[in-house]
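Note that the protein sequences, when read in sequence, are chains P and A. Mapping of the first sequence onto the UniProt record's numbering: residues 1 to 311, in sequence order. Mapping of the second sequence onto the UniProt record's numbering: residues 1 to 242, in sequence order.
Keep in mind that the hints were calculated from the coordinates and are not lab data. Accuracy of the hints is not assured; some may be wrong.
[To be verified] Keeping only pairs whose Cα atoms sit at most 35 Å apart, straight-line, the calculated DSBU-like set for lysine-lysine is:
1) A/Lys91 - P/Lys5
2) P/Lys168 - A/Lys239
3) P/Lys221 - P/Lys209
4) A/Lys240 - A/Lys156
5) P/Lys180 - P/Lys223
6) A/Lys91 - P/Lys152
[Unchecked claim] Away from chain A, derived, C-beta distances all over 10 Å, residues of chain P:
7) Asp28
8) Gln93
9) Asp164
10) Pro165
11) Lys182
12) Lys223
13) Val262
Where a beta carbon is used, it is the ideal one built from N, C-alpha and C, also for glycine.
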Amino acid sequence: MIRIKNLTKKFGDFVAVNQLNFEVSPGDIVGFLGPNGAGKSTTMKMITGFLEPSSGSVEIHDLNIIKHPIKAKKLLGYLPEGAPAYGDMTVAQFLTFIAQVRGLTGKYKKERLAAVVKQVELEQVLDRQIDNLSKGFKRRVGLAQAILHDPKVLILDEPTDGLDPNQKHQVRKLIQNLSKDKIVIVSTHILEEVSAVCNRAVIIASGEKLFDGTPEELEQKSKFNQAVTIEFEGTPPDFSQLRLAPGVIDMIEQSSSVVTLVAHESYDSLFPQIFDMVQTHNWSVKAMYLEKGKLDDVFRQITQTQSMEVA
Amino acid sequence: MTWVIFKREFASFFATPVAYVFILIFLMMSGVFTFFFGGLYERGQADLLPFFNFLPWLYLFLVPAIAMKSWSEERKSGSIELLMTLPITIKQAMFGKFLAAWFVIGLALILTFPLVITVNYLGLPDNGIIISAYIASWFMSAAFLAIGMCMSAISKSQVVAFILAVVVCFLFVLSGTGMVLSALKGIVPSLVLDTVASFSFLTHFEAMAKGVISLNDIFYFVLVSFIWLWAGLVVVQQKKAD
Chain P
1 MIRIKNLTKK FGDFVAVNQL NFEVSPGDIV GFLGPNGAGK STTMKMITGF
51 LEPSSGSVEI HDLNIIKHPI KAKKLLGYLP EGAPAYGDMT VAQFLTFIAQ
101 VRGLTGKYKK ERLAAVVKQV ELEQVLDRQI DNLSKGFKRR VGLAQAILHD
151 PKVLILDEPT DGLDPNQKHQ VRKLIQNLSK DKIVIVSTHI LEEVSAVCNR
201 AVIIASGEKL FDGTPEELEQ KSKFNQAVTI EFEGTPPDFS QLRLAPGVID
251 MIEQSSSVVT LVAHESYDSL FPQIFDMVQT HNWSVKAMYL EKGKLDDVFR
301 QITQTQSMEV A
Chain A
1 MTWVIFKREF ASFFATPVAY VFILIFLMMS GVFTFFFGGL YERGQADLLP
51 FFNFLPWLYL FLVPAIAMKS WSEERKSGSI ELLMTLPITI KQAMFGKFLA
101 AWFVIGLALI LTFPLVITVN YLGLPDNGII ISAYIASWFM SAAFLAIGMC
151 MSAISKSQVV AFILAVVVCF LFVLSGTGMV LSALKGIVPS LVLDTVASFS
201 FLTHFEAMAK GVISLNDIFY FVLVSFIWLW AGLVVVQQKK AD
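If we strip away everything but chain P, and leave its shape as in the complex, we get (with noise of 0.2 Å):
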């Protein structure tokens, strides 16, 4: 469990984040979003234990975070922004320093060690030198280095910045597999991410949260949330009475053979009605579909009225 109380961290006059509150449980992966700049790495940089709060308290299992360091430091594996590690060494050696300040001993570390190893895939660049390594690797060389203990909370800033699409794929797996009774949270500013990997979203922005539940209530925010688009075959039909069937709100024409129907927020069964009017009106459609709350737009939504608040 982590508990963050009333979290503030000031820089001179700068308030990077402003009395942040919120509770994680085993089993959540929450996904930490914001635009740049939002405070999310210096959340994480507070919850690991590297910033000390200007304000408010962060606990991990039970364990003030300041008061307790080297406790609670024991339960963390943290990937910090941009994986830093020590360059001069191997990956080998780099892994082995961080179980031998880790603690691990004996056989538990060597198994640990290859577990980890065959777990992020790290077999062929064992002997590498980490200065040399590819970015991808630095990378997953870091997320080895967080997993390594088996810890019980996972604190991931960007694991996945500036991976290909498939090292993408692989590092999101990894955190699904993780057991389930842990805490990941991992921060990013790429939104299918939070889909693909989390069980809840929160958002920050300027420092304060502006939205915490799961990714479904957060794509249900979303005006796409049970729109209805459909794709005309050939020249399109004139379409226009669409827009005053019961529940469309907004239709919005993405081009000229293809157009989306925008439901009101109580209507959730557009779908049936629009293709009874596509029937009768035997207008002949390409492909017709319900589409899912565009993340992209509530990201800014969400994130702008708060910028234009401040402003």
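Since the structure of chain P is already known, use the hints to place chain A on it.
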């Protein structure tokens, strides 16, 4: 934990050319100082005083060079964030780093053993004096090193850290030289003059280089090292996230 950090840091000196360059330059320079400037042969005495007398000046440039990367690099590469979120204290990290660099210096000192062989071949030196002078100079290097590490914590740039360390070390060496003391003589009361002189590395080292190991002098270097390491801790704590 200090031991784990020590091992990593010590290995890191040898994974990069730092330790090799340091030891090589140290040996070359100590040779030059001892034989050319110190006139080991010309003096006609079987001791290593020429070597030990020049050591503070050699340390002045070489120890800051080995200390400069200790924290600067951690901060520049961001690995400090990793280090400080591992279950270790800053004290352990500082001490581990310090010991690693101190042992590299110790190794360099040991590798000057041909000098000892030379004087033993040429005459009958008092080897007790030589050994105690070696120990004294190792303790003196600790003080230089602690200053260097504190300066390294101040700046992300290794060059800045190096220059700051040289300047501060220079002040500590200089305050005991006749030049400074005679300039101050008559201007300040003798109490102040004595205090300034007593801060100097030279004052405390000279007697020990002649083989007179007094606990006072050893304690002075230990104290100076601790004070600067502690100052370094404060600086790391303050600046780690900048």
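Quick rundown of the hints versus the structure:
The suggested pairing of lysine 91 of chain A with lysine 5 of chain P holds, with an alpha-carbon distance near 29 Å, which does not exceed 35 Å. For a cut-off of 35 Å, the pair hint linking lysine 168 of chain P to lysine 239 of chain A stands: about 33 Å separates their Cα positions. Between lysine 221 of chain P and lysine 209 of chain P the CA atoms are separated by roughly 16 Å; this keeps the pair inside 35 Å, and the hint holds. Under the criterion of a C-alpha separation no larger than 35 Å, the hint pairing lysine 240 of chain A with lysine 156 of chain A is consistent with the structure, at around 10 Å.
At most 35 Å may separate the alpha-carbon atoms for a hinted pair to count; lysine 180 of chain P and lysine 223 of chain P meet this at roughly 33 Å. Restraint check for lysine 91 of chain A and lysine 152 of chain P: satisfied, since their Cα atoms lie roughly 26 Å apart, inside the 35 Å limit. Separation of aspartate 28 of chain P from chain A is adequate, the least Cβ-Cβ distance of about 21 Å exceeding the 10 Å criterion. With a least beta-carbon separation of about 7 Å from chain A, glutamine 93 of chain P fails to lie farther than 10 Å from that chain, contradicting its non-interface assignment.
Look at aspartate 164 of chain P: its CB is around 23 Å from the nearest CB on chain A, clear of 10 Å, so calling it non-interface holds up. Its beta-carbon lying about 26 Å from the closest one in chain A, proline 165 of chain P satisfies the requirement of being farther than 10 Å from that chain. Listed as a non-interface residue, lysine 182 of chain P keeps its Cβ farther than 10 Å from every Cβ of chain A; the least gap is roughly 17 Å. Remark: the non-interface label on lysine 223 of chain P is consistent with the geometry, its nearest Cβ contact in chain A lying 40 Å away (cut-off 10 Å).
Chain A leaves valine 262 of chain P outside its interface by the beta-carbon criterion, the shortest separation being 45 Å against a cut-off of 10 Å.
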